[in-house]
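All chains, please: the whole structure from these sequences, using the hints.
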Amino acid sequence: MNGVHDLGGMHGLGPIDIEQDEPVFHHEWERRVFGMFLPVFATGAFNIDEFRHAIERMGPKYLATSYYEHWLAAFETLLVEKGVISADEFAARRVALAGGMN
Amino acid sequence: MSANHNRPLSDVEIRVKALESLLVEKGLVDPAAVDALIDTYEHKVGPRNGAHVVAKAWMDPAYKARLLADGTAAIAELGYSGIQGEDMVVIESTPETHNVIVCTLCSCYPWPTLGLPPVWFKSAPYRSRVVSDPRGVLKEFGLELPEKMQVRVWDSTAELRYMVLPERPAGTEGMTEEQLAALVTRDSMIGVARVAVPGQEGART
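If you're matching them up, the sequences are chains F and U in order. Sequential numbering from 0 applies to the first sequence in numbering that gives the first Met the number 0. Sequential numbering from 0 applies to the second sequence in numbering that gives the first Met the number 0.
Just so you know, not all the hints are guaranteed correct.
What the hints assert, rightly or not - Computed list of lysine-lysine pairs in DSBU-like fashion (alpha-carbon distance at most 35 Å, straight line):
no.: 1; chain 1: U; residue 1: K16; chain 2: U; residue 2: K43
no.: 2; chain 1: U; residue 1: K121; chain 2: U; residue 2: K16
no.: 3; chain 1: F; residue 1: K60; chain 2: U; residue 2: K121
no.: 4; chain 1: F; residue 1: K81; chain 2: U; residue 2: K55
no.: 5; chain 1: F; residue 1: K60; chain 2: U; residue 2: K55
no.: 6; chain 1: F; residue 1: K60; chain 2: U; residue 2: K138
no.: 7; chain 1: U; residue 1: K43; chain 2: F; residue 2: K81
no.: 8; chain 1: U; residue 1: K55; chain 2: U; residue 2: K121
no.: 9; chain 1: U; residue 1: K16; chain 2: F; residue 2: K60
no.: 10; chain 1: U; residue 1: K43; chain 2: U; residue 2: K55
no.: 11; chain 1: F; residue 1: K81; chain 2: F; residue 2: K60
Said to hold, decoys possible - These stretches of chain U come out as covered by chain F in the derived footprint (C-beta under 8 Å, 3 or more residues):
no.: 12; stretch: 13-27
no.: 13; stretch: 56-64
Keep in mind that the hints were calculated from the coordinates and are not lab data. We put the beta carbon where it would ideally sit given N, CA and C, even for glycine.
Structure, rendered in structure tokens:
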């Protein structure tokens, strides 16, 4: 089955943006998402194939978001689906972090 | 928004903080372990590992033979192994054939030898186009290959990671392994560049 992630041979996706002396991470939040990779897998809630599939299920948002946003989306999807966190507590925490005015 | 920030958190920052804080409270994530993993891949693991492998292969024909026969084991001989490097295949570029790697389906990359991939490797333009127009893509990286040279593109699978053993440049016969390793760039092990000797034609900074 193909999907939006199956990019080989696709046309019209623009020039390659080559950054000289590129840092390993561009934002602090990318560091945190990367650093959660092993601990999140260590929970045993899901495996690498489910992780990839969760990214592939992003649909059109896949092309509009960055690599570590893909990881974040997969973590959110799977941790809620597997019951590690609840959608309600995750939503409440986001509102609290946004200053309660989300 | 904490006292340490003078701007509101972005949506993605809020999502990451919400997720990490919940996992920490549940005892599933130790922030110190997160910090340690970040430090490893930001400061310790990177393309110098791969350059060591390449220089060793250039100096030692027996090692090169082992590397091409069983990349995972030969790379582990030098102490490099672990996640995203469990099944390594090293492909040798020659005067006849140039090799370049990609992961069209996601962003598979040999972390133990090259570190974390650059953004362009993970991005749609490179992944879509390098398989259909490799010579055009290589030109964007400043690499123009002779017409008679074959170009092979290697697309990772879910399990397998490729790394290119680039051609050893002429004029390096008297160099030590350390001097050779210093010439080997990340891009040459992906295959979007060749290894050049500073001051010689084709050298890139």
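Checked hints:
1. K16/U <-> K43/U: holds (25 Å)
2. K121/U <-> K16/U: holds (24 Å)
3. K60/F <-> K121/U: Since the Cα atoms of K60/F and K121/U sit roughly 15 Å apart, the hinted pair holds (cutoff 35 Å).
4. K81/F <-> K55/U: violated (46 Å)
5. K60/F <-> K55/U: Status violated; Cα separation ~43 Å.
6. K60/F <-> K138/U: With Cα atoms ~30 Å apart, K60/F and K138/U stay inside 35 Å; holds.
7. K43/U <-> K81/F: It holds: about 33 Å lies between the C-alpha atoms, which stays within 35 Å.
8. K55/U <-> K121/U: At roughly 28 Å apart (the allowed maximum being 35 Å), K121/U and K55/U satisfy the hint.
9. K16/U <-> K60/F: holds (21 Å)
10. K43/U <-> K55/U: The hint holds at about 20 Å.
11. K81/F <-> K60/F: holds (22 Å)
12. 13-27: holds (count 12)
13. 56-64: violated (count 0)
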